[in-house]
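S.K.: Here's the letter readout for the chains.
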Amino acid sequence: MTTENNKKKSGILKICLGLIALAAVIAVMVWAYNKFSEKPVEGSKAITIEVVGKEKEAAYELKTDAKYLAEAMDEAEGLTYEMEDGMILTVNGETADFSKDSSYWAIYVNGEYGMYGVNEQPVEDGDVFKFEYTVYVAE
Amino acid sequence: MMNVSNKKKKKLLTVRDITLIGVMVAVIEACKMAMTFLPNIELTSFWVIVFTLFFGWNMVFVIPVFILIEATIYPFGLWLIMYFYAWPLLALIVWIFRKKDSVWFWSILSSLFGLSFGLLCAIPYIFIQGTTGGLAFAFSWWIAGIPWDLVHGVSNFVLMLVLYRPVRNLMKKLPVIKD
Chain A
0 MTTENNKKKS GILKICLGLI ALAAVIAVMV WAYNKFSEKP VEGSKAITIE VVGKEKEAAY
60 ELKTDAKYLA EAMDEAEGLT YEMEDGMILT VNGETADFSK DSSYWAIYVN GEYGMYGVNE
120 QPVEDGDVFK FEYTVYVAE
Chain B
0 MMNVSNKKKK KLLTVRDITL IGVMVAVIEA CKMAMTFLPN IELTSFWVIV FTLFFGWNMV
60 FVIPVFILIE ATIYPFGLWL IMYFYAWPLL ALIVWIFRKK DSVWFWSILS SLFGLSFGLL
120 CAIPYIFIQG TTGGLAFAFS WWIAGIPWDL VHGVSNFVLM LVLYRPVRNL MKKLPVIKD
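If you're matching them up, the sequences are chains A and B in order.
Residue 67 in numbering that gives the first Met the number 0 sits at position 68 of the first sequence; the count goes up by one each step and never skips.
Residue 15 in numbering that gives the first Met the number 0 sits at position 16 of the second sequence; the count goes up by one each step and never skips.
Any given hint could turn out to be false.
A partial selection of chain B residues facing chain A, derived with a Cβ cut-off under 7 Å [to be verified]: (1) TRP103; (2) ILE107; (3) SER110; (4) LEU114; (5) THR131; (6) SER139; (7) ILE142.
List of simulated lysine-lysine pairs, DSS-like, C-alpha gap at most 30 Å [said to hold, decoys possible]: (8) LYS172(B) x LYS7(A); (9) LYS98(B) x LYS13(A); (10) LYS6(A) x LYS98(B); (11) LYS172(B) x LYS6(A); (12) LYS34(A) x LYS44(A); (13) LYS129(A) x LYS55(A); (14) LYS31(B) x LYS8(A); (15) LYS55(A) x LYS44(A); (16) LYS99(B) x LYS6(A); (17) LYS99(B) x LYS7(A); (18) LYS171(B) x LYS98(B); (19) LYS171(B) x LYS8(A); (20) LYS8(A) x LYS98(B); (21) LYS7(A) x LYS98(B); (22) LYS129(A) x LYS62(A); (23) LYS6(A) x LYS171(B); (24) LYS99(B) x LYS13(A); (25) LYS171(B) x LYS7(A); (26) LYS7(A) x LYS34(A); (27) LYS99(A) x LYS31(B); (28) LYS66(A) x LYS53(A); (29) LYS171(B) x LYS99(B); (30) LYS129(A) x LYS38(A); (31) LYS13(A) x LYS171(B); (32) LYS38(A) x LYS66(A).
Because the hints were derived from the structure by calculation, they are not lab data.
Just so it is clear, CB atoms sit at the ideal spot from N, CA and C, and this is done for glycine as well.
Work out the full structure, taking the sequences as your base and the hints as a guide.
M.R.: The structure is reproduced here in structure tokens:
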């Protein structure tokens, strides 16, 4: 009976330790995200949004207080876009559908490939955003 | 006089094995399709774990077949390479711990796999040259995806916690398991 109880206690202890370890991993990941992810900056910001499509190009310069790129895009006069599942599907009437022809709208932030979708990409003063129609080619 | 052995040669794959592999792949694909509208919430991890526990080495065929079917549905990309090491890694870890029969153990393991999925998928980016590669890019890519990894980890935990015992008990009753 005592051996059974000890086994049971040992089992419960292992489960608790496992759950604590899991919670610790989640906490570390949340900390890493808060520490290393880009943060939005408030205030009046002068930005440029360039659109390099398959058939046409356009550039928009605007001053915005938007925290994230999607909000700034809403303010850019003449710029239209549609999204699906959080991803840009159409810009200025040109659609890039990855499931059809491996095409997509690549986002560049100050010349570097963007890490975030337009709803999560922070906007800072002086930023240059580029949407480029891209066709994925396997190497 | 020729000495004819009465022993039959043991086949690597029997008809039953091939059928089981087909059924397992179909189950994984059907569940994946059914949950495609829920980002990062999937049953693939659950089935890879359960099928490895019950059918062991058959997973050597199940996982590549599953990935190749995915490749016919979705356009080729870096994800294909990621799949070819991420899912076998899970099956290998499950095989190492195959004697465990605790719902908590498998829920925690499944959760850890979900939490680490983004990190696993960031690895190929380390080896890519140019603006969309390198260690810094891979790190930023992983950081940006952490919210989705958290969804993945939590959902894997909940799904395993809820489904492990009923599915395990059902699987034990299957004639193909009893044989």
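S.K.: Take the hints in turn and mark each one as holding or not.
M.R.: Do the hints match the structure? See the list:
1. TRP103: holds (5 Å)
2. ILE107: The hint holds - ILE107(B) has a Cβ within 7 Å of chain A, the shortest such distance being about 5 Å.
3. SER110: Holds - the Cβ of SER110(B) comes within 7 Å of chain A, reaching about 6 Å at its closest.
4. LEU114: Interface hint status for LEU114(B): holds (6 Å vs cutoff 7 Å).
5. THR131: Hint holds; THR131(B) Cβ to chain A Cβ min 5 Å, cut 7 Å.
6. SER139: SER139(B) check passes; min Cβ-Cβ to chain A is 5 Å, inside 7 Å.
7. ILE142: holds (5 Å)
8. LYS172(B) x LYS7(A): With a Cα-Cα distance of about 27 Å, the restraint between LYS172(B) and LYS7(A) holds, given a limit of 30 Å.
9. LYS98(B) x LYS13(A): holds (16 Å)
10. LYS6(A) x LYS98(B): holds (17 Å)
11. LYS172(B) x LYS6(A): At roughly 28 Å apart (the allowed maximum being 30 Å), LYS6(A) and LYS172(B) satisfy the hint.
12. LYS34(A) x LYS44(A): holds (23 Å)
13. LYS129(A) x LYS55(A): Satisfied, since the Cα-Cα distance of roughly 13 Å is no more than 30 Å.
14. LYS31(B) x LYS8(A): Violated. LYS31(B) to LYS8(A) sits at ~38 Å, over the 30 Å cutoff.
15. LYS55(A) x LYS44(A): holds (26 Å)
16. LYS99(B) x LYS6(A): OK: LYS99(B) and LYS6(A) at ~15 Å, within 30 Å.
17. LYS99(B) x LYS7(A): holds (15 Å)
18. LYS171(B) x LYS98(B): Since the Cα atoms of LYS171(B) and LYS98(B) sit roughly 15 Å apart, the hinted pair holds (cutoff 30 Å).
19. LYS171(B) x LYS8(A): Between LYS171(B) and LYS8(A) the Cα gap is close to 28 Å, so the pair holds against 30 Å.
20. LYS8(A) x LYS98(B): Status holds; Cα separation ~20 Å.
21. LYS7(A) x LYS98(B): holds (18 Å)
22. LYS129(A) x LYS62(A): holds (16 Å)
23. LYS6(A) x LYS171(B): Holds, at roughly 25 Å.
24. LYS99(B) x LYS13(A): Since the Cα atoms of LYS99(B) and LYS13(A) sit roughly 13 Å apart, the hinted pair holds (cutoff 30 Å).
25. LYS171(B) x LYS7(A): holds (24 Å)
26. LYS7(A) x LYS34(A): At roughly 41 Å apart (the allowed maximum being 30 Å), LYS34(A) and LYS7(A) break the hint.
27. LYS99(A) x LYS31(B): holds (20 Å)
28. LYS66(A) x LYS53(A): Given pair LYS66(A), LYS53(A) holds - Cα atoms ~29 Å apart, limit 30 Å.
29. LYS171(B) x LYS99(B): Since the Cα atoms of LYS171(B) and LYS99(B) sit roughly 15 Å apart, the hinted pair holds (cutoff 30 Å).
30. LYS129(A) x LYS38(A): holds (19 Å)
31. LYS13(A) x LYS171(B): Answer holds: LYS13(A) to LYS171(B) is near 26 Å, not above 30 Å.
32. LYS38(A) x LYS66(A): holds (9 Å)
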